[in-house]
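For the protein sequence lines, the chains are A and B, in the order given. Using our numbering, the first residue of the first sequence is number -11, and each one after it goes up by one. Using our numbering, the first residue of the second sequence is number -11, and each one after it goes up by one.
It should be emphasised that the hints constitute simulated quantities derived from the structure, not laboratory data. No residue lacks a Cβ here, since even glycine has one placed at the ideal position from N, Cα and C. Certain hints may be false.
Derived, one-sided and incomplete: chain B residues facing chain A with beta-carbon distance under 8 Å [to be verified]:
#1 Val28
#2 Val30
#3 Ala356
#4 Asp360
#5 Thr366
#6 Phe424
#7 Asp442
Non-contacting residues of chain A with respect to chain B, defined by C-beta distances greater than 10 Å in every case (computed) [unchecked claim]:
#8 Thr17
#9 Lys47
#10 Gly383
Protein chains: 2
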Amino acid sequence: MATPPKNKLFFGSFVHSKTLAELEYLHSTAIAVDATGKIVAVEPGHATAAAAAEALLPKLGWAAGDVDTVATKSDSHFFFPGFIDTHLHASQYPNVGIFGNSTLLDWLNTYTFPLEASLADPAKARKVYTRVIRKTLAHGTTTAAYYATVDVSSTNLLADLCLAAGQRALVGRVCMDQLSPAYYRDESPAAALASTLASIAHIESIDPSASLVRPVLTPRFAPSCSAPLLKGLGALAADRPDLPIQTHISENKNEIALVKELFPPSSTGAPDDSYSSVYDAFGLLTERTILAHGVHLSEVEAELIAKRGAKVSHCPCSNSAITSGAARVRWLIEKGVTCGLGTDMSGGYSPSVLEAARHAALVSRHVAMGGDDKAKLTVEEVLYLATRGGADVVGLGGRVGAFEVGMEWDAQLVGLGTVDAEGGAVEEEDGNVDVFGWETWEERIAKWVYNGDDRNTRKVWVKGRLVHERKG
Amino acid sequence: MATPPKNKLFFGSFVHSKTLAELEYLHSTAIAVDATGKIVAVEPGHATAAAAAEALLPKLGWAAGDVDTVATKSDSHFFFPGFIDTHLHASQYPNVGIFGNSTLLDWLNTYTFPLEASLADPAKARKVYTRVIRKTLAHGTTTAAYYATVDVSSTNLLADLCLAAGQRALVGRVCMDQLSPAYYRDESPAAALASTLASIAHIESIDPSASLVRPVLTPRFAPSCSAPLLKGLGALAADRPDLPIQTHISENKNEIALVKELFPPSSTGAPDDSYSSVYDAFGLLTERTILAHGVHLSEVEAELIAKRGAKVSHCPCSNSAITSGAARVRWLIEKGVTCGLGTDMSGGYSPSVLEAARHAALVSRHVAMGGDDKAKLTVEEVLYLATRGGADVVGLGGRVGAFEVGMEWDAQLVGLGTVDAEGGAVEEEDGNVDVFGWETWEERIAKWVYNGDDRNTRKVWVKGRLVHERKG
């Protein structure tokens, strides 16, 4: 699947987020990407790819023979930034769709811990991680913030496989020294920190410049970490201000009650007993912190999170599936909290960030049904969360998530289906988005958001490298 | 696509609803279907298709050469009853996914009426209706309760096309003589009734025994019908006790207020000003009536609906998308109301009943978040609604929706994807359901409900006839 590094010229229609509210449509446009994967020119206004090449290549000093050209076929094809999945558990992938009527804490014990523990078997880990990387790439996920397991070697394997497949990834060894069954936890805070350092060292050894893969400090969530472990991770985070941090927050009401019980302010020195204050007291609420869920945050907590610059990964599929609640994304954004989307497999049932975007729009309507009509998220807004917002959440803002000079080419070629005059013969490969021909571009994008799937993601590039292509 | 009528023997795993709560798994089973499409034998306990044929054919008096055998390939394939879509607007299909942030009444004026009116153009109607039939068949919908448009000829065309494609369908000419723009409505109650009779006559002429296609009385919804029109339709319903009736009820709060304003009890003679009482006063609340939505029904209304034996088509995708509300399905069922699922395209964004089932489970969790934990619908329950429940809703209970002797063979062959030892090579055609091999059958079904799509629906039969087959 890998292609050797070469200059590339992309031509056709490009769609990306300009702001939260607005998509920009660049038609008859050429984007030049150099051999390192960087966007070096964005030029609208060319009638054909050949005309664009003729105008652009001399300016770039590129010989025509040294350039691969990728032009879109028709006006139902366009380039879109790759999706950023800001929260998912690679190790839980085999369980997608399996959760019964459980909620968070029983779901962890019944479905999740046994599966995660079983990935200490390297053959099983390889099978599962290979699959989840291929699957998410096929759905256009160019960057993923992964939780692996407690096991160091299987975590390291996940990083190896991401690098080999060319997927940009944050890879976190899961820290937990309490709450989970004895067969699946860190033996002590010291052991947890040592294992974390070992995994960090491995990941930094395979990609020293963090060109694609980087380690991420990963306290599973407060209830599964002892105070000494959280303290140690906070100290490590202070030592290593380049490392991102990921954890969960305020997903489920019983979980919140458990945090209050486990971490009273008297034990943490926090000013109150909120979940956010616990992380803050341990130095883990930082501008590098990715907080998954944030469903039941209070006003004060949202303000603290915004003040610290921590980010929220909204995981609507998971929140609905395991009955956690309906996160108020508009409210978080208005509080100044940076938000992105997570599939949260396998609390979430789908590997697709597009499904997360669609369901974010739907869940926002359920929030609106409570009386706050402006809670509704538009198609444009959920796509922003899936790309630019997500890039900001995982610390890659300005580097990926849009098509601007200086950013890296993490992108997907999207193709929608077209309906012929008889309404009949079509390519099955086209999937479920039917363009009849009279739709505006805005309507085509809405159709993609509501009925698109991996069949519409024809090709995927990360850092200029082709990492997925549909056979069809 | 049509195959000549022939006796058929299906062999392998069959899964269908026994009750609301329970799926039945029939493995190593043979089902014999005669040339008229009727199930004549269901026999578990045969090791192979050949063994089943040897045991079964002599009992049936069938010569081996006269029988087509269809055996499932592996334990990730199974037969499942075809889906019943109890509510959709064929004429709105081109608008799926296009609704912006609108709600019902502005959505009708902005998106819906202009499109429906445009289908008076027969070429456009043919294109759209051909497409919607192919698309829904591809998603396993063997029976659809369609709304067409106000236009008689385009409604008749929809019935012609369903019959030709072999899809079981209720086809309704939309009655409306008020509320909609002047360019798109019946000219008078008398004109509406005459057009309705004309469409009924056509549909009965092409399928006199209603073997597949039947007409359905279709007052769009109370606000778009004058009292004389509703009265006329009630009289027609009384004259023709064989005809089903379909309409909308209690979808949106502004709509409910409009009904109260338009139909005060003083004008209808109803005992109260509820939406249900309006239909009841006009003789339209019967055991043949399919009521779409029922989101905001009161206790008294649910009891009246149960008493009259009218049915509810739950349309979760639509209810979320256009912010109508979250219908309380468990509550309706406990009130004694028979429920099924509708895609409600294009208020709903998807042609897939499986998506409606998935979203019914998710929406039920949002109802549960309000505090009523037992509101949650299980995988088994949403599949019941999609098949057996739907059959009861459209008046085909006991005839389709399950695999029992005497019922007709409306079925789909479902194939799930399997992951090889390396986690890699798979058929793209397999879609997004990944079976790793260790899953129970119940877990496989859950995976299908949460990640399945039309790629998993390999073949579809209606009344024994193969009406869809994936190329892949």
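Each hint tested on the structure:
no.	hint	result
1	Val28	violated (33 Å)
2	Val30	violated (28 Å)
3	Ala356	holds (6 Å)
4	Asp360	violated (11 Å)
5	Thr366	holds (6 Å)
6	Phe424	holds (5 Å)
7	Asp442	holds (7 Å)
8	Thr17	holds (25 Å)
9	Lys47	holds (39 Å)
10	Gly383	holds (28 Å)
This entry does not satisfy hints 1, 2 and 4, going by the numbered hints stated previously.
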